[in-house]
Each structure stands twice: as structure tokens, then as C-alpha cells.
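Here the structure of chain U is known, so what remains is to put chains W, R and C with the ligands in place on it, guided by the hints.
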Amino acid sequence: MNIDTKAHSLVELKIPRRPEYLRVVRLLVSGYVSRFPAPVDMVEDIKVAVSEACNCSMRDTDPACAEGRLDISCFVEDDKLCFEIRDENATSAPDSSSDEASLGLLLIRTLMEDVEVRSEQNSGVVISMKKTITSI
Amino acid sequence: MNIDTKAHSLVELKIPRRPEYLRVVRLLVSGYVSRFPAPVDMVEDIKVAVSEACNCSMRDTDPACAEGRLDISCFVEDDKLCFEIRDENATSAPDSSSDEASLGLLLIRTLMEDVEVRSEQNSGVVISMKKTITSI
Amino acid sequence: MDLKLEVKREKDYSYVTVNGEIDLYNAHKLKEKIGQTMDGMDSPNMVLDLKDVDYIDSTGLGILIGIKRRVSENKGELALVLRSDRIHKLFEITGLINIFAIARSSEDAIARLSK
Amino acid sequence: MDLKLEVKREKDYSYVTVNGEIDLYNAHKLKEKIGQTMDGMDSPNMVLDLKDVDYIDSTGLGILIGIKRRVSENKGELALVLRSDRIHKLFEITGLINIFAIARSSEDAIARLSK
Ligand SMILES: Nc1ncnc2c1ncn2[C@@H]1O[C@H](COP(=O)(O)OP(=O)(O)O)[C@@H](O)[C@H]1O
Ligand SMILES: Nc1ncnc2c1ncn2[C@@H]1O[C@H](COP(=O)(O)OP(=O)(O)O)[C@@H](O)[C@H]1O
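Protein chains in written order, with our numbering: chain U, 1 to 136; chain W, 1 to 136; chain R, 1 to 115; chain C, 1 to 115.
One thing to keep in mind: the hints can contain errors.
[Claimed, not checked] Derived DMTMM-like pairs: lysine to aspartate or glutamate, alpha-carbon spacing no greater than 25 Å straight-line:
| no. | chain 1 | residue 1 | chain 2 | residue 2 |
| --- | --- | --- | --- | --- |
| 1 | W | K131 | U | E20 |
| 2 | C | K11 | C | D85 |
| 3 | U | K14 | W | E116 |
| 4 | U | K14 | W | E77 |
Worth flagging that the hints you see were computed from the coordinates, not collected in a lab. If you're wondering where the values come from, they're calculated on a predicted model, not measured in any experiment.
Isolated chain U (complex conformation) (with noise of 0.2 Å):
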């Protein structure tokens, strides 16, 4: 499959923003990342940053925003996968204080590549992440 521009590689997906829908945003991210097609352990490393990074937004359980959705967009750009994640209904940048959410940015910072944080006004936060692709 020929590597792509960002029209046309763009696949997004919106969610409840609960955690039962963390194992379709799984199964999805590498449905997308296999049909590159990239090594397994490609595929696993994102899995588990797209994951972590909705747990950021899923782990606060602030009432207010119990029931907003999230949107993880994956696209390809030069020859880097690149995933984003916004939470439209958060106001400020996630939490690190707990053992977990700390672990979760740490797994994110260290499997990723341009990892990115931005509090976009009017468009909550976005947690964005590439990663090189190499075929197998």
C-alpha cells in the first residue's frame, strides 16, 4: 500500500468519553497501523499510547464532563503515523499527579515520538503523537 497523503489516509473515530469503548478504540488503531503494513511491535507501541491517551481524559471524573465524547483521528504525514486524540470538553491539561496517570504519560512520551499537549481555546484539549513508519 502506497504511503499516503493526510486526505487521504484520514480515518476518525468519536467515542462516549467512558471506558468501555477503550478496547473498539484498540481494536481500531490497529486495524489502521496493520494495514501498512507495520511490524507487530509497531502495531502494539501505538495501541498502548492511543490507549494511554484516553485514559488522560477518561481517568478525570470530573461529573460535569461525564458525558462528552472523544475524537482520535489517525492519519499519515511524510512518512510518520500520526494520531490525535481531543477531549472537546476538557479545560485544562491532564492530570500527573496520581502513580497512573503519570505511568500513562511516561508509556505515551517514551513509545511516541513529537508528543504534544495543546489546550486549544474553544476546542478542549488535544493530546497529539507520531511515529515513523517502518514496513516489514
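Chains W, R and C with the ligands alone, transformed into the frame defined by chain U:
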């Protein structure tokens, strides 16, 4: 897991309108349905039907639409799992003149309930289908 | 799970084993490869072994219909090996069960050809 | 792939086998069940067999840290059985490899307790 309202259960996937994304659709749909938890045969029926609904618009090779996107929505309403496949670029109902296309529509109509094909002004063609949830 | 194809040529038939998923994405590959196989066949008879096919869609079914047609034009016989209940169900719904000679094992399928 | 837990109580330790995926969705179940197990234990020692765990996230790792803490408070020893390279990698990245006694087999893990 509780059988839930539409807002609580809505999962939306947007993909390029290209056959290399069919497998990602099937993975997502299997993950979504097996969560309820549903019997394996029900998971498989829905996987086939949703994949065929995508085929309907991916098969149409009008080059003007080759860049389009497909929206797949999954949600729960009453005791039914509901699926909508929307092709925003389509202007007419799926063609059923070839062997393949008519087999595809036959599979959808046999495996699912309340199958509808609607042309919506300015928002393309939607294939919607439901399946009564039978838990294992 | 990608589509894989293996062809064995026997004196009285070709034995084609297909593996993986057959859908709109890759069904054209199946069509091409089987077309090439038929061009080089000594005998017009064919067994198409689908017991390791996990998934088949309408495009794949359509291609099987085309293969059946070509084999018949060449005065050959075609037998399918099917084992999965799921795929059998799709053949029932579409009525293809009445068009194809379907066996549950290779031996059965080969036996059906030589009748 | 749902989370499954099995507990065997021996005289000198409890042997807890976990199966499936441990994530934010179900990690609280693991925590509760292990809590209950510890309440009824004769010996404070525990083997936690994770060799059939396919996936673990930061929530699961956090819960392992909590279990380790409780076992230590009770003056017990905890040993983990890990076999998957993937899960080992997560223990390496997070430095947890230095905190836990990790074995590749049940026998090894049990041997580590009795030292
Ligand atoms: N039916 C399918 N639908 C979607 N993706 C597929 C399908 N079959 C294979 N793939 C994916 O496409 C990639 C390339 O597969 P391959 O069979 O080698 O096809 P190609 O000849 O197009 O490179 C693989 O990563 C595989 O996972
Ligand atoms: N980690 C997970 N993430 C998402 N869904 C899960 C997870 N574990 C189990 N499920 C799904 O939730 C459903 C119920 O699983 P189960 O383990 O019986 O949990 P519960 O006690 O919540 O009913 C199953 O269909 C299963 O596929």
C-alpha cells in the same frame, strides 16, 4: 453492560471511501457489537451487512466521487443495535444491476432488520439497518 | 489474514487453495490469479478450496460465479470445499448453494469431479 | 478476553492467576478481587501470575503497585509471573522492573517467595 440510550452509545467512524479501509470498518463493528456481549453469530451477521453497505458506495467508481468519505454510525435505540452508513457524495441509491451489487443488497436485507436506503437532500445517501439485541 | 493463493496442477484437475479474507479490496487479485491458472490448465476441472477463507463478501461471491461460468464454457467441472458454517450461511442466503457443487473435504470435492 | 481471576490458597502463599486485558475499564475489578483474597489469606505471600494477560495499561500497573504496597505492609512477599515480551517492555519503560520480583515460570516465582 447496560443497554443504553443513543447518546451514551453513539460511535462514529469516518473513513476515506476506499476499499482498503473495509477491514478497519469490520474490526470496529465487531468490537462494538461484541461489547454487549452479543452471540458470535450476531457479530458476524452485522459485520457482513455493514461491510456490504460500504461496498455499495465503494463499488461505484465514478471518478468524481473517488475522493469522498464514508460515515459509519453505530448506536443503540430501544432494544436494537442501529447502523447508518452515509455516503455524502452519492446522489442516487446504490446501483443493483451487477451480480455483486444485488448479492450485497440481498445479504443486507436478509441479515438485518428495518433496512432503509434514503437519499437525503444535500447529505447524500444513507443505508440504515437495525438488529434486535439478543444477549448470550 | 491477507489473501493467499496456492495452485497444484494434477492430471485431471487443478487444486486451488485460498486463504484469508476475500472482499472488494482484494477480490480482483483472486480473479486475476485464477484467470492465469485457467489459461495454463491441462484439464478444465477445478477444485477451489475455501476452507481457510475467514470472510467472503458479495464481490468474492460474484467472482466465484464468474469462475464457475468460465469453467463451464471450457466444458469443465468446478467443486468447492467449504467448511465454515458462516460462509455456508452466505451461500444459503444467496441461493448459490444450488449453483455450486459443495463438499466438506478435499477428497469429497475431487470425487465429485470425477463423476 | 475479558478479565478472569482464579485464586488458589496454599499453606505458604496464595497463587492468583489473571487472564485477559487489564485496563481502565476493568482494573477496579482486579483491585477488589485481590483485596478480598488478601483479607482471607493465611500467609501474606502472593504469586500473581500474569502470563495470560494480553494487555495491561497504566491503571493496571498502578494497581500492581498498590498490591505490592499492601503485601509489604502485611510483611509478605509478592512475585509476578510474566512471559510476554510486550508486557515486559512496559515494566522496563516504567522502571517497575526494579520494584517487582519477576519470574518467567510459576516454579521460579514460588521459589523466590520462600527465599
Ligand atoms: N481485505 C483487506 N482489507 C483491508 N486491508 C487489507 C485486506 N487484505 C489485506 N489488507 C492489508 O493490506 C496490506 C497489504 O496487504 P497485501 O495482501 O500484501 O496487499 P497489497 O498487495 O495491496 O500490498 C496488509 O497490511 C494487510 O493487512
Ligand atoms: N477491557 C475492556 N474494554 C472494553 N470492553 C470490555 C473490556 N473487557 C470486557 N469488555 C466487554 O464488556 C463486556 C462485558 O464483559 P465482562 O467482563 O463480563 O464485564 P461486566 O462485568 O462489565 O459485564 C464483554 O462483552 C466484553 O467484551
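How the hints compare with the structure:
1. W:K131 x U:E20: Roughly 21 Å between the alpha carbons, so the hint for W:K131 and U:E20 holds.
2. C:K11 x C:D85: Not OK: C:K11 and C:D85 at ~31 Å, beyond 25 Å, violated.
3. U:K14 x W:E116: Given that 25 Å is the threshold and the Cα spacing comes to 24 Å, the pair holds.
4. U:K14 x W:E77: Given pair U:K14, W:E77 holds - Cα atoms ~18 Å apart, limit 25 Å.
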